[in-house]
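There are 4 protein chains.
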Amino acid sequence: MDFALDTTTEELRERLLTFLHEKVYPAEPVFSEQLEAADDRWAWSRVPVLHELRAQAREQGLWNLFLPGEEGGGLTNLQYAPLAEITGRSRLAPPALNCSAPDTGNMEVLSMFGTEKQRKEWLEPLLAGEIRSSFAMTEPDVASSDATNIGTRIERDGDHYVVNGRKWWITGAMNPDAAIFIVMGKTDPSADRHRQQSMILVPRDTPGVEINRGMTVFGYDDADHGGHAEMTFTDVRVPAENLIGGEGDGFAIAQARLGPGRIHHCMRSIGVAERAIELMCDRAAERVAFGKPIADQGVVRDWIAEARVRVEQLRLLVLKTAWLMDTVGNKGAHTEIQAIKIATPRTVEWILDKAIQVHGAGGLSQDSPLAGLFAGIRTLRFADGPDEVHKNALAKAELKRQQGRGTH
Amino acid sequence: MDFALDTTTEELRERLLTFLHEKVYPAEPVFSEQLEAADDRWAWSRVPVLHELRAQAREQGLWNLFLPGEEGGGLTNLQYAPLAEITGRSRLAPPALNCSAPDTGNMEVLSMFGTEKQRKEWLEPLLAGEIRSSFAMTEPDVASSDATNIGTRIERDGDHYVVNGRKWWITGAMNPDAAIFIVMGKTDPSADRHRQQSMILVPRDTPGVEINRGMTVFGYDDADHGGHAEMTFTDVRVPAENLIGGEGDGFAIAQARLGPGRIHHCMRSIGVAERAIELMCDRAAERVAFGKPIADQGVVRDWIAEARVRVEQLRLLVLKTAWLMDTVGNKGAHTEIQAIKIATPRTVEWILDKAIQVHGAGGLSQDSPLAGLFAGIRTLRFADGPDEVHKNALAKAELKRQQGRGTH
Amino acid sequence: MDFALDTTTEELRERLLTFLHEKVYPAEPVFSEQLEAADDRWAWSRVPVLHELRAQAREQGLWNLFLPGEEGGGLTNLQYAPLAEITGRSRLAPPALNCSAPDTGNMEVLSMFGTEKQRKEWLEPLLAGEIRSSFAMTEPDVASSDATNIGTRIERDGDHYVVNGRKWWITGAMNPDAAIFIVMGKTDPSADRHRQQSMILVPRDTPGVEINRGMTVFGYDDADHGGHAEMTFTDVRVPAENLIGGEGDGFAIAQARLGPGRIHHCMRSIGVAERAIELMCDRAAERVAFGKPIADQGVVRDWIAEARVRVEQLRLLVLKTAWLMDTVGNKGAHTEIQAIKIATPRTVEWILDKAIQVHGAGGLSQDSPLAGLFAGIRTLRFADGPDEVHKNALAKAELKRQQGRGTH
Amino acid sequence: MDFALDTTTEELRERLLTFLHEKVYPAEPVFSEQLEAADDRWAWSRVPVLHELRAQAREQGLWNLFLPGEEGGGLTNLQYAPLAEITGRSRLAPPALNCSAPDTGNMEVLSMFGTEKQRKEWLEPLLAGEIRSSFAMTEPDVASSDATNIGTRIERDGDHYVVNGRKWWITGAMNPDAAIFIVMGKTDPSADRHRQQSMILVPRDTPGVEINRGMTVFGYDDADHGGHAEMTFTDVRVPAENLIGGEGDGFAIAQARLGPGRIHHCMRSIGVAERAIELMCDRAAERVAFGKPIADQGVVRDWIAEARVRVEQLRLLVLKTAWLMDTVGNKGAHTEIQAIKIATPRTVEWILDKAIQVHGAGGLSQDSPLAGLFAGIRTLRFADGPDEVHKNALAKAELKRQQGRGTH
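These protein sequence lines are chains V, G, F and C, in that order. Throughout the first sequence, residue numbering follows UniProt numbering, covering 1 to 408 in sequence. Throughout the second sequence, residue numbering follows UniProt numbering, covering 1 to 408 in sequence. Throughout the third sequence, residue numbering follows UniProt numbering, covering 1 to 408 in sequence. Throughout the fourth sequence, residue numbering follows UniProt numbering, covering 1 to 408 in sequence.
Here chain V stands alone, though its shape is the one from the complex (with noise of 0.2 Å):
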């Protein structure tokens, strides 16, 4: 057992926070600026400021780390973990580094499960930045924590599929970049449980395809993201060959993609956790009421005291997690994977809540990332279904492990 980083994970660890500190930060307003008085607020990835830092990412190395392998930065999940958390620090550090979600997780399964002509059409441009994706699964009528509610339909037709379904809460897709959908319906209703969905890929031009119109969280439309769309398909046809693996395998492909998003979400929300109690302690320390700082009030303390302790135990988790993930595989690390689900969203919620409540009435307005940061999390606790839907499988599995247990 050995908790010091690798020296490669150190040594990117360096040279992302000095890229963050000399280019990303000084960056942001700039960003805010020229995305606030362009033509289309959603098309973020169009910003000059944005493309100028990413011109610097790939120079230094600093691209697509987050994809094992020649085509990424052949890092372990392990490795590209602490990296993930710093580049939850800035909203615009993911774009920049290309690592933003939902596109690194769709970038992962075309790099695993697609097929050449897949990989050269789509892969190839999405790994240069040239375009953004979408993932489209989850959908407005039904619980679709159980995947066996998905109601959108992918039936073949000769040499096409056609798709017909309605999804919300598609990330990125207001953005008129987002230029390809992974799209996940069912194929066969009729089949197992887990073999009647398929994922299936649409680009945005195609006759049928309709974004309706983007969802606000806690009134924010996080435009700077692309958005949150809810969206139909009406008789959307595509050629059979964007099918990604075979029919039936969209629930298997759901798992893969699943686990190192989980690791990138939360470390990202453990950056995000850092850069509160940053914020809050700077707070305490300068604000000062009925005289003394209020870094000196108990409460204060005790807060501080808390969100550290808290955030300790949850890192290490996540951790622990993407070791697991790297040496026993996704499926080992299941339980551990639905910790840190569980675990992380609450726990930096906690904290975000705790800094604002420092900060004052400032902290819930636009003078202060918290109020945005806290949306976001709040969201996570929704995301791949509600908490209290892997709360109950993991009691499940654990009462399962209890009842196997031997002397040992």
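Hints in this document: simulated from the structure, not taken from any laboratory. Hints may be right or wrong, so weigh each one.
The list treats identical chains as interchangeable, and a pair is accepted whether it falls inside one copy or across any two copies.
Taking lysine-lysine pairs in the DSSO-like style, the calculated list, with each CA pair at most 30 Å apart, reads [said to hold, decoys possible]: (1) Lys-400 / Lys-331; (2) Lys-331 / Lys-117; (3) Lys-396 / Lys-331; (4) Lys-23 / Lys-400; (5) Lys-331 / Lys-292; (6) Lys-396 / Lys-292.
Fit chains G, F and C to the supplied structure of chain V, relying on the hints for placement.
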């Protein structure tokens, strides 16, 4: 001891509920549309459907119920409280009944402390619903929970006072119809701690009054309530007769304004909690996951039970506080007023969080009122000073009381 | 609505507080010593100082206050509740006033449902404080929150009933003066769900009644209350006239016993909470750490404020429940009775935990009453079924109520 | 970074688990019986079955594993931690392996700071398990979390030191075999804050040493661990050579003792948590209520999932702390040592509370180990200073760290 409402209150409650169901709820979407289509989206008081509602409310004797005495509904705090709870169920109800903050508090101040001239000029049009008002107390640069921190100056200059200062979170001030501001500032920084402050009436169109921007809460700007302005007063000159009460009376007036304001806020918040419970139960009953309504899941049941148990206790404490104010005055009810300030936001916030969780991600979006309600309630943990300041004071009072306790 | 106590209650409150201060508190250490020195440490009812207290309580008209009607204090539930709270401050107060559980509930049962003969034989000596009693309902082998689970059999055999079964947590039964047991068992397992059970009077000295052992709570055996016995009934034969009510009435009688019992328990628990707050404040004021009294530390202040805010809300809910029972009956107060069962133990437990923390390790030891009080309150989360069962039922009722809600 | 245990640890873990299952668990009831039947119920170290266990542990090389270096198991903190966790599962395991507190800490002190003579006289018999020891630091009259508060005096008088003072919560001291006490006192109250204190060896039989009574924790006197004594030292005269280290070294030695002690305590507590989870799952699987095992109830599932998620995070933080102590020393691990002191008791206490709740009232009684475990864990929120003191210090350190943070 008797927990039954009196017949006046019961009768008004019935009429008010009928009015909400028959008039207010149906008008909600109309109001939103008309405001959206208006020239000035902050000018909510000009929306046609609201004018219709107001005319109907007046006809039915549901107008200015909040104000004791002949000018208003003639109700005690205890009688008005259950009505205020009902108005909390719809954002449109308080304005429809001319019972919305901060106008209510301002009318109370003018009613109690205004000169004949001030009442004629400002109270009458406010009671008639012809103009709106704001209360300019909070300042960005200081912890305003400590009244001695106020930086705004009100200086005598011949027959005038000159006001200089910066304020923020001035609710309603973005609305061009907010014709009059009650401004808190220091007339004598060298006086006793609680005699330094005064309040003065500043008409919106006075030279030197500048509205800088609307603050957001999470991503909401609350345009339908006139927003929350940041504003500056630069050499703003008003006649000396605009002072409310005498020089140095500001703190005492603010305290007098606070008591009923708290009761109103808290009761409206309990209305919010009840609405959240309704929405949670409806959703739980109708939403099916893993083969059964989520109302059958133990964890959801736990939330519903907790919500009911918590809100029942909270309501009784608010009602008792109203009764104390009626029987022993604001001062005698001081500890209870603090207690409800502490207990209300966190209780209602907890219920809203669970109601949102039962709704899935849609609960965070524009499709549900819950997200906006959460944002509104969250601000109450700062309003009139953060919870922590009130807890500290309440504990101090408890410690003192315990030290002096005799045998009874 | 009126939150003032009536004059009867106020006057009794004063007398009761005087009695506690002048008589009960000084007798506490004497009682402990005398019990310690006694031949049978379970025979608390024989302790000399208790007999003196009882004589004084009778003289002063503070005897059997719990019982409505002529046989008792003639008080309503709402009138008795604030008195019960006061008795919660000292473990010696309820026995001194002949108002201690489970005798109170048993006397209520006999008063409401007993025959002339039963009342003469058992109620009279109980009211006179000459004997003690126990209520034998809970069983070790089944979840007794589900009344249909009861395994004890009461079978008719000619002019007699024969009782067979095993019970535990039979409070008071270790005391040799507990002369009579009210035993719950099944007379007809094939009857309707709530008509299977009956209650029967079993004198302690009946052959086949065996007291097996005293259960401990944490490390306490509660000898000063007669402990909590595990006991067996083996072919215990009693006259048929010992049945309370008719065959099949057991469930209904248990329900009738429950309402007032809950109110008493909850109010006494609130007395415990108030005592804990007193002890916490005293200790905080007197204990110095790092150069100042810990009463000046923010976290301790937070606890004190929370304790006050929580207990005020709780008390009002219990009082309202008492009022409902008086005005609309136990059935109409059903939801509130459940709500106080849920809210009371966890609230008081929280306050005790913080009071202990303020006391340091001494708070856990024999030097402080807090540890014992914690143990006692902790058991309430199980008494008459665990919280979780009650929450589930309350939520079900709420869901049903919401589904049927009209516009008012 | 690597989360796998090394082979030494893995191998010892296997042997230890086997030893527990084959030897320790079966001996538990025997130990209780033999102790019950003994002349002196505090003399747990004389119980025959324990002597057998010890002989077997020695044979199997499972003796003194806690102690680094040649005298002990030669393990690092990180290697010993997972073994300490296992010993937490049975109250009998630590004494069987000669790894029970406070002897472990005392042996460490003697091993690190003892003179040749001290080691020969006291360390050797301790390592051999021939005698027991106590650590006399905590005092009743002062907040001993502040070391400068210590009131006990150690005064030089020629070739001797004279000790005067009062101590309490001296674990193990009720056992007549506790032959030696390490006593903390002040040699020079006028020295620098952390140079006033010294430690000295006081044999039990020295005139002036008096054991006053055993403290209870929630009614338990912990006789099977030698209890927690209150004791007085009155003009106790010991040779000057009994001083450990030099005058003024007391604080530094206490700090050195603290690090490993915390790790051991925390890991044993995690063992307690794991045992509680086992008991909770077993009971949930077997207990039927309302027609199904309570393991199928959502709320119970929620507790089980929470327990697993919390304990996994906690364990990793404790292991990381052990690793830090091994790699950068106690000082470098200071924040983490504080963090685990804060995080452990409340986490394990929460799990125990839920496990008890799943067991029903029996979980609070002598029929279950849970109630006693709860009592033991509860004391950890006071041990070496209450949580609040540690949180305050940790927050202060965090605030300082944040103020000095650079870009990395």
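Cross-check of the supplied hints:
1. When the C-alpha separation of Lys-400 and Lys-331 is checked against a cutoff of 30 Å, the pair qualifies only within one copy, where the shortest distance is 16 Å, while the shortest distance between copies is 42 Å.
2. Taking the closest pair of Cα atoms, Lys-331 and Lys-117 come within 30 Å of each other only inside a single copy of the chain (29 Å); across copies the shortest separation is 58 Å, beyond that limit.
3. In the homo-oligomer, the alpha carbons of Lys-396 and Lys-331 lie at most 30 Å apart inside one protomer (16 Å), although the nearest pairing across protomers, at 38 Å, exceeds that limit.
4. Taking the shortest Cα distances, Lys-23 and Lys-400 sit within 30 Å of each other only across copies (27 Å), while inside one copy they are farther apart (50 Å).
5. Proximity of Lys-331 and Lys-292 under a CA criterion of 30 Å is satisfied inter-copy only: 28 Å between copies versus 53 Å inside one chain copy.
6. Proximity of Lys-396 and Lys-292 under a CA criterion of 30 Å is satisfied inter-copy only: 15 Å between copies versus 51 Å inside one chain copy.
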